[in-house]
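Asker: Protein chains in written order, with the numbering used here: chain A, 19 to 804; chain B, 50 to 203.
If you are wondering where the hints come from, they were derived from the structure by calculation, not from laboratory data. Keep in mind that a hint or two might mislead.
Unchecked claim - Here are the simulated distance ranges between beta carbons:
1) Glu120/B - Lys39/A: 21 to 31 Å
2) Glu667/A - Lys166/B: 35 to 45 Å
3) Asp227/A - Ala65/B: 25 to 35 Å
4) Asp50/A - Ala65/B: 43 to 53 Å
5) Thr104/B - Lys260/A: 50 to 60 Å
6) Glu667/A - Arg165/B: 55 to 65 Å
7) Glu667/A - Ala52/B: 35 to 45 Å
Virtual Cβ for every residue (Gly too), placed ideally from N, Cα, C.
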Amino acid sequence: MDTGIGARVRRKEDHRFITGKGQYTDDINLKDQTYAYFVRSPHAHATIKSIKEPEWAPEDGVVAVFTGEHVAEDKIGGLICGWMIHSKDGSPMKAGPHPILAQGKARYVGDHVAVVIAETKEQAKAAAARVDVTYGVLPHVVDVAKATKSKAQIHDVAPDNTVFEWSLGDKAATEAAFQRAHHVTKLDLVNNRLIPNAMEPRAAIGSYDSGSDHYTLYTTSQNPHVARLVISAFHGLAPEHKLRVIAPDVGGGFGSKIFIYAEEVVCVWASKRIGGRPIKWTAERTESFLADAHGRDHVTHAELAMDKDGHILGLKCHTLASMGAYLSTFASCVPTYLYATLLSGQYAIPAIYAEVDAIYTNTAPVDAYRGAGRPEATYLVERIVETAAREMKIDPAEFRRRNFVTSFPHQTPVIMTYDAGDYDASLKKALEIADYKGFPARKAAAAKQGKLRGIGFANYIEACGIAPSAAVGSLGAGVGLWESAEVRVNPVGTIEVLTGSHSHGQGHETTFAQLVSDRLGVDINSVAIVHGDTDKVQFGMGTYGSRSGAVGMSAISKALDKVEAKARKIAAHVMEAAEGDIEFKNGSFSVKGTDKKMAFGEVALAAYVAHKFPTSEIEPGLKETAFYDPSNFTFPAGCHICEVEIDTETGVTEIVSWTAVDDFGTVINPMIVEGQVHGGITQGIGQALTEGCVYDSESGQLLTGSYMDYCMPRATDVPSFKLGFTETKCPSNPLGMKGCGEAGAIAAPAAVMNAMTDALGVKDLAMPASPHTVWKTLQATKMAAE
Amino acid sequence: MSAISMKVNGKAVCGAVEPRTLLVQFLRENLGLTGTHVGCDTSQCGACVVHVNGTAIKSCTALAVACDGAEVTTVEGLAKNGKLHPMQEAFREHHGLQCGFCTPGMLMAAVDLVNRKGKTLDEETIRHELEGNICRCTGYHNIVKAIQAGAENM
């Protein structure tokens, strides 16, 4: 059976998950463990006047109550934002303090004010309700469009609640392009706030061993090494060699588990305070809604300038981006370098100018969520391109084709250099699969049934493989974004690969093993992928931004090169041949022109036995490490086509057809890649049709705080998907991979909304386009016609 | 505390629980059967679905004391004598899981669905019947395929 690159290998990790043997953080229990429950602010904005504990009785089971004062006593630093953005005037972003337990003030409903640690989970929760916090309620603002003029002053450092006013592109050139324009399309867009909702709620177990003065943290993290670095270097809890962070099986992340959160830092810090007993915290779903970092929340005005033939001359936009009440770990780069840099889309646009104002609001922090900036960019570009085509009465596919980038490398006016792609090929294939020609007949048939049928495109591009360290450093990143790998060949020829990537559903234990199997010709079952433990893997940057293939696997590939090179030397000595005569094929080393041969496992054993080569020249053993830093971003791109039917009586929208043609470069395992696309599209459909985070502007309360109020897409909300692939290899990494994890979520909202506005014959429609929203639009259209 | 006993995955078990203890807590905390997951507080995500006396229920919505004397099957009890249940095989074969967190509930709901509706299931029926199970990873596409195939092999 083929288990190499390109094979649909069934997942190695599945057995434990389908038999109930997965080990998620909440499945782990440590000896003598206690439980934490957080006292959270019921107010959107308030001073904390006092925090009083009642007299606890023994049956209350309370071990300790900690507040921001205890944190300050121990000099534990606050949560950080690791990406510096400068405003247009050169001033640095205004980052307010973000203590792990509130100090003096709470800034959103759900802000962590105190923690109760008790013998059982139930006792901790019951006791938390009895902690008496006196608040002084302050004016609040939850709406990003109103925040700069609000009475609420969220952080002293940020007058008008403005974090930064940033811009990218050439303003004068863009204005000149608009002067020359034959037609200008204008659009106002809201990119609705989303709550990520990985199915596994966040959880942590912190423990401290006084014998060795050593901390251990189990946590639901996408990047445990970064968590250790931050907790060491910024929170100042312990040096890295005194802190082990383990991210075991993690039940989905979608970005929300990249960040360092207060709860996990509190658990590991407070364990020492209570004499080393472990402290476990598991979020209730409502806490996930309140206190996981949210996504999106942009308000944008955009304009697109065209010549008379529909060639795009320029694009300009102004975006207000909500940051929530604090700057989360990577919050600042999302509406800037992950957003405006993609505003050229798949098109050759000569001039672009983007302004982004990042604004504090009294809401949960906003940070990266599947796609992170790129869905917002694609939504803008693809909605305005489609609208422009309609206004200019040019077929939307043809309009796009006229403007495609067709030669590579292509330098956009917004930093990125696209390295490879064939956008017309994806469009062509998608038009065929979707039977675009047959659409008018389908629309007519739907009309006979009283349904409005519409079709919409999204020709997205994203920047993945994040990212060349020097490049992101020059843009303000506090870290390099390389990846590490260590390939340990055991004496019997089995292999452990240690990677700094982390898998939380992506199937790395399979795809990474496929690469090793392919390269070394060994059985895939002889390969184990090790990740998620800072005591095992030396360092790594984790999984986000569709980087684990393009960057993580490239690091493995580099380490495999070194393993092969050393094995060749050893094989040459053992078989008494010149190194140049050694051939390596299908897992076996042979001497050119002879029948001398050694299996990979035999060479591995020879490396450890070390009898037959000079150890003064070649060290015994077979283990190699590599750090891989990419030379460019990667640029996955594709074409998604959505068809909807809208019931004019009820406003209910049904997605009747979905075509996705993606170019991810090299595909290691098509089965897994297709699964990533399905999941991404569904999250995007969720944004377009069902999901929307709502804070009540009057009270500041989160109105969508459970699955009763926040509508997650169910199986009936989505169709089966028709997928196709085109392939242009990525020239920037040794495997030619681009990344596939976010594409669906990036493409889908624009495709759905373009289809719905087509069906309804309107220009504007807000997400989520619920039946109520659609019904109101239908009534307004009807009234306007009458 | 109340003493309860039940048969879980064919094995007699007993324990002392508070009246408010949920079945899912008893399974996870008393019996260490952590395959059954808790994904929400409102009985909607379905990660906690188990079978009680042959019927699928959400174990976050049942009191342990109410299940005194019952026969309970969890995901850990699906495979028999080291052989995977056809539904488990189908989820692996059709890539019906990614992070695996909703999977135990999906499997138990799927087996129950076949028990109720038979082995020949169309896509619409499966999608409709999954309204009580949320998956954030797969977009349901491969779960639907897996259930269809698993049903045929049951």
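Asker: Confirm or reject each hint.
Answerer: Structure-based check of all given hints:
Restraint check, Glu120/B to Lys39/A: a C-beta distance of roughly 22 Å satisfies the suggested window 21 to 31 Å. The hinted window of 35 to 45 Å between Glu667/A and Lys166/B is violated, with their beta carbons roughly 30 Å apart. A hinted range of 25 to 35 Å holds for the C-beta pair Asp227/A and Ala65/B, which are about 32 Å apart. At roughly 20 Å, the beta-carbon separation of Asp50/A and Ala65/B lies outside the given 43 to 53 Å, and the hint is violated.
Against the hinted window of 50 to 60 Å, the Cβ-Cβ separation of Thr104/B and Lys260/A comes to about 51 Å, which satisfies the hint. Checking the proposed 55 to 65 Å range against Glu667/A and Arg165/B shows it is violated: the Cβ atoms sit about 32 Å from each other. Taken as a hint, the range 35 to 45 Å is violated for the pair Glu667/A and Ala52/B, whose Cβ atoms sit roughly 57 Å apart.
Consistency with the previously given hints fails for numbers 2, 4, 6 and 7, ordered from lowest to highest.
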